[in-house]
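Student: For the record, the sequence lines run as chains A and B. Residue numbers for the first sequence, in my numbering: 1 to 839. Residue numbers for the second sequence, in my numbering: 840 to 1252.
Some clues are possibly wrong.
Result set (EDC-like, lysine to aspartate or glutamate): computed pairs, CA atoms no more than 16 Å apart in a straight line [said to hold, decoys possible]:
hint	chain 1	residue 1	chain 2	residue 2
1	A	687	B	1112
2	A	685	B	1111
3	A	396	B	945
4	A	728	B	1133
5	A	687	B	1111
Simulated DEER-style distance windows between Cβ atoms [what the hints assert, rightly or not]:
hint	chain 1	residue 1	chain 2	residue 2	range
6	B	1047	A	744	44 to 52 Å
7	B	894	A	463	40 to 48 Å
8	B	1222	A	713	38 to 46 Å
9	A	694	B	1106	35 to 43 Å
10	A	586	B	917	32 to 40 Å
11	A	791	B	1050	39 to 47 Å
12	A	532	B	871	23 to 31 Å
13	B	1106	A	107	24 to 32 Å
14	A	270	B	1222	35 to 43 Å
15	B	1201	A	241	23 to 31 Å
16	B	1047	A	87	22 to 30 Å
17	A	705	B	1057	56 to 64 Å
18	A	685	B	917	54 to 62 Å
Among chain A residues calculated to face chain B with C-beta under 8 Å, some are [what the hints assert, rightly or not]:
hint	residue
19	99
20	295
21	299
22	500
23	667
Don't read these hints as lab results, they were simulated from the structure. Think of the CB as a built atom: it goes at the ideal place given N, C-alpha and C, for glycine as much as any other residue.
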Amino acid sequence: MKKPILLVSARFARGLRFLSMESWSTPAMFLAILLAGLPATLGSAEPGEEQTLISLLQSNATPRQKDAACARLKRIGTDQAVPALAALLNDEALSHSARYALESMSSPAAGAALVKALPNSSGEVQVGIIQSLGSRRETSAMEVLIPLLGHKDSRIAEVSAWAIGRIGGSKAVPALFSALPAADGPARGAVLDALLACAELDLENGQAEIARGIFQRLYESPLPDEVRAAAFRGLVRSSGSQGLSLLISAIRGADGPGQVAALQLAHEISHKEATRSLTNLLGKVKPSLQTALIGALHQRADGSAAPAIAALAGSEDPQVRLAALTALGDLGDASLVTLLAQAALSGDEAQQKIARQSLINLRRGKVTETILTQLTSAEPALQVEMVRALAGRGEKTVLPRLFDLAQFNSGAARRIAYQAIAQLADGSHAAALVQLVLEAKDEAARSLAQTALETVCQRLREQNAHALINALIQGLRGGPPAGRAALLEASSSLVDPRLREALRETLRDSHPEVREGAMAALAETRDPALLPDLLAVAREATELNIRTVSLRGLVRLVTDEEGAKFTTPDRVNALERALDLAQRPEEKRLILAGLAKLPDPGALRLALPLLDETGVQAEAAQAAVQIAAAIKHSHSEEANRALRKVLSVTSDANRRRVIESIVEEIAAMTDYIKCWQVAGPYEQKGKAYDVLFDVVFPPETPEAKSVQWQSLPSLTNPAQPWLLDLLKFYGGEQRVAYVRTRIYSAEGQPARLELGTDDGVKAWLNGKLVHANNAVRGITPGADKVNVTLRPGWNVLMLKITQHVLGWEFCARFTQPDGIRLEGLRFDASSQADFSPRP
Amino acid sequence: MAPMFIPGTILGRGGAIAPSERITMGFIGVGGQGGGHLLGGAWTYLTGGYTARQDVQVLAVCDVWRERRENATQRVNQYYTDHLGQGNYKSCQAYADFREVLARPDIDAVLIATPAHWHAIMSIMAAKAGKDIYCEKPTAVTIQEGRAVMEAVKRYGRVYQAGTQQRSEYNSLFRRACEFVRSGRIGQLKEIYAYRDGGAIAWPTRFGPARPIPAGLEWDLYLGPAPWLPYDGNTGAHRFDIGELNWGQHHYDIVQWAAGADETGPVEIFLEDGRSNYKYANGVVVYGKPYPGERVGGDGGLCMVGTLGRIAVDRGSMVAHPEEIIREPLRPNEVHLYRAESHSGNFLECVRIRKRTICDESIAYRSSSALLLGGIAKLTQRNLRWDPQAEQFINDEEANRLLSIAQRPPWHI
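Here chain A stands alone, though its shape is the one from the complex (with noise of 0.2 Å):
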């Protein structure tokens, strides 16, 4: 049934304040479609849709109305809305609404309309009929846009030239030209820039011969530098084979503009010989240029130009020898092997850098082979930046011949070898390096590949170590004792029974070189089932030195942050013992370093009785703070009550100020709500969440009872208690959750909830909405104030938490309404807790 005009007419008049926005997915949007009566889908047009805005264009509709109903045209308007919008593009006011539809249509009759429009406009409307003939590139409009050209108001004759360079073709360039006399200000250089655009649209036609003329015509006459140098860019481009020479001579030549575009066109024209040519031109000309010529020649990314690139590397300008050092690494091949590792020993920090970075790029040839070719018989400096790019290279197949350098070389080219077999071995290599460290001819190299075996011990820690840990042991049962010692020293890092067994035997060594070896192994060690061990040694020590390494070892071993193979009990536990064996203020400190590490009240009772002790209460003080800081949020009275402590004891004017800016902050956080109960999450598909912050899932209708509530652990993130996660106990993106709880209050009193969501929020207070918000936004605390009247007795707050994506948090609390703490409530949301509304 055919629906009343006037009726759809004010449905739409109600929506379409919406749909010029052309939002998607809001609630207005919705809301906006379903009042108009239009489709959820934007893509087509309902029957008789068009009809309606038409008429709604002709009727005594407010502008704003037709205003929305001609954005909605853009979309779904055909020929037979041509008319009625035409009919406002001589209105001031809806001209441009008029332009949404008619200038991005694709039927002629749109076009057509522009052009009749035109010569009853006048001013700002004129100029943006004109603009909307120029976006279409209406060729029917030649005819009328050339007389504009010299128009009075500058505005029309700027636009209209615009228009014409936009459309182009056989009348435009000649009108162009004889306009161009009277032409000043910015119409002048509209004539110029549609003169460009002329040539261009020539040239992209097949007409190179037409659009040269005109390049060729405006690069010779006495116009502004930029459209000269525009001129002269096109004038190579419609050259063919003669763009070529006109860029090289003009790289060469005295004319600014035409130099400036040459540069910028070196890189991007497309002659076989450009390159040659460019290459050629190196010599010739003053340093600017070749460092602009070498940057050309580095886009071109053709590696002819490389030998004329590397005669400038030795350059005595700095500018144009870094650019060529740069280029070369991409442009080179494997014959400036040598050149590069020279440059590389430059002390200029600059060169250096590159120079190296490019030895590593170098990948024309064969790079490799030539660099271990060549570093026979490199004097040692050399050898030294060859190694270090082999290493960069990163290249294992070179492995065979650093190992030789390593054991055959001296000074500078065997460290290096040893830091790029750290850089490349793997456990194919383990049983080699072993080897190394065991037949090692001196301290030194020695030292050389124990440093070299940790690192790859420690790089190797993580993934299958089985070949490695095989090469250690076999190493382990013979060689040389300073050779073993060496050995368990550099495996420190690693976690192996095996390996545990060997340390633990050779603890025992008849050598003292090895039991040495082996404490310092021990020290170290990431193994966390040596901590007995190292606990004995610490108690069972006659050597002072031996019980502080020990507990030092210890505390590293259970505070260090890799070896997470702890829980926080036990390594307050460790630390407990570690503390009643201590008896030295030093060995206490170590302890109290350790102590600091771990958020943990544990930790704190630990570090509180220490504050009484002469010579270490400093270091407990900052431990306290340390780990009080850590915990306050989570154990925030712990917190509170031992910074006091700290407080009491303090005379440092810096530690008291922080400790008072953290009992502030623990005040500040406290009465947030940290017990709720969660149900969702709910989502509906194809819709986001601002959309279904409008949707009413089970725990807003009066059925709520059967919504599976459950509770939200309080602790979703234990640094910030108060802000709980819902990604972490969710995830997941578009979709909603709501939690709840009970509040108690001895009296009827307001109150301000305050609320930090990430995204938006909606709030219910025992049952009544209080607060909506439809935000996209990261957590801020308070950023929402709501104010409330609180009930006496228990009160229920609920909230809706709509996600987005990424973060998806919350916090709330109530204080007094200006913002003061409320003191005196008190929270429930566990499971037995009644949520049944009450009167």
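Guided by the hints, dock chain B onto chain A, whose structure is given.
Tutor: Okay, now just chain B, sitting in the frame of chain A:
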């Protein structure tokens, strides 16, 4: 012959060789973003901003808010007074109308950090005035605008850099990730999760209630190409944005780089769960959403999935599964991409020697287009087929109409 004037090149002004000469700049828009570029600030990656660079001299500051432009100008002049030892230095001038900045022949380059709806028009006008251009993202708000910027920059031979600094900054994390992917470390690239989806511009409903225009605001110049509206208190940088227009180009810039699609674009845009997604001609599918369960990527990044593994990267980190695929550094025979370790440094170097920047006008055009194509699919709420050569949707008049938006006279592309 006209007097020789060679802006900002290594040749030096007037043809004289003066490689050490400073590049002279004008800053258009000095709110949070532009002010950060100019003077440094919390978000910036350039300590002290362009003002503190030895190779730059700031000559002009422009903003539609009087207080902003005057404060910024005063701070620039103060910096020069303090650091160059020139008392009462007044070289930097304040402007309300950017056309006056473009008209100054002594300015080599402009940095555009205005509201998004201005970016393309100002870039085009700057190119015509012979200025080199750094432009904030989104570099265009319609595909027609993006193409027009590219054409103007090419026509006038200007140096252009988009404000998609992820190609250079953040310890080169993004470049390294793209190099790994394009070198085949994850096998054949199959999918990219871009974290954000499409964006678009929409002109607002007009004819609302008016409020008095505050003193010190050029409201007409704020609106520019947007329809005339009575002042309503909103002068935000993104008030006409919808969807991910503001941030999306960062993500799609890297998507295009990783997919090796800098010179082209997707061939299909499809909707799934309310988000826009893409298919490229080489079979790569790009999803406008996060990779499920992956924490890395939200901050400007993406997750690239191949037949042998995946790499996720953002401004803070890069992770891979399996881990080994990124453990070894890039080898010489693997794919090496354009390398720059400072975005502003790259811009200024290119201004000096007329090189192509790391995010030039063509790259910016294609990355903004990818973002905007997603926006059009979301507006039309249907799947679309796109011809990246002809730059038209196939058989979809309505979608093609959304490639442009009518601009208020006298502002045009």
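Student: All the hints need checking, so say for each whether the structure fits it.
Tutor: Checked hints:
| no. | hint | result |
| --- | --- | --- |
| 1 | A/687 <-> B/1112 | 7 Å, holds |
| 2 | A/685 <-> B/1111 | 10 Å, holds |
| 3 | A/396 <-> B/945 | 55 Å, violated |
| 4 | A/728 <-> B/1133 | 13 Å, holds |
| 5 | A/687 <-> B/1111 | 11 Å, holds |
| 6 | B/1047 <-> A/744: 44 to 52 Å | 47 Å, holds |
| 7 | B/894 <-> A/463: 40 to 48 Å | 46 Å, holds |
| 8 | B/1222 <-> A/713: 38 to 46 Å | 42 Å, holds |
| 9 | A/694 <-> B/1106: 35 to 43 Å | 37 Å, holds |
| 10 | A/586 <-> B/917: 32 to 40 Å | 52 Å, violated |
| 11 | A/791 <-> B/1050: 39 to 47 Å | 41 Å, holds |
| 12 | A/532 <-> B/871: 23 to 31 Å | 58 Å, violated |
| 13 | B/1106 <-> A/107: 24 to 32 Å | 26 Å, holds |
| 14 | A/270 <-> B/1222: 35 to 43 Å | 37 Å, holds |
| 15 | B/1201 <-> A/241: 23 to 31 Å | 25 Å, holds |
| 16 | B/1047 <-> A/87: 22 to 30 Å | 24 Å, holds |
| 17 | A/705 <-> B/1057: 56 to 64 Å | 59 Å, holds |
| 18 | A/685 <-> B/917: 54 to 62 Å | 57 Å, holds |
| 19 | 99 | 4 Å, holds |
| 20 | 295 | 4 Å, holds |
| 21 | 299 | 6 Å, holds |
| 22 | 500 | 26 Å, violated |
| 23 | 667 | 28 Å, violated |
Checked against the numbered hints given earlier, this structure breaks hints 3, 10, 12, 22, 23; the rest are met.
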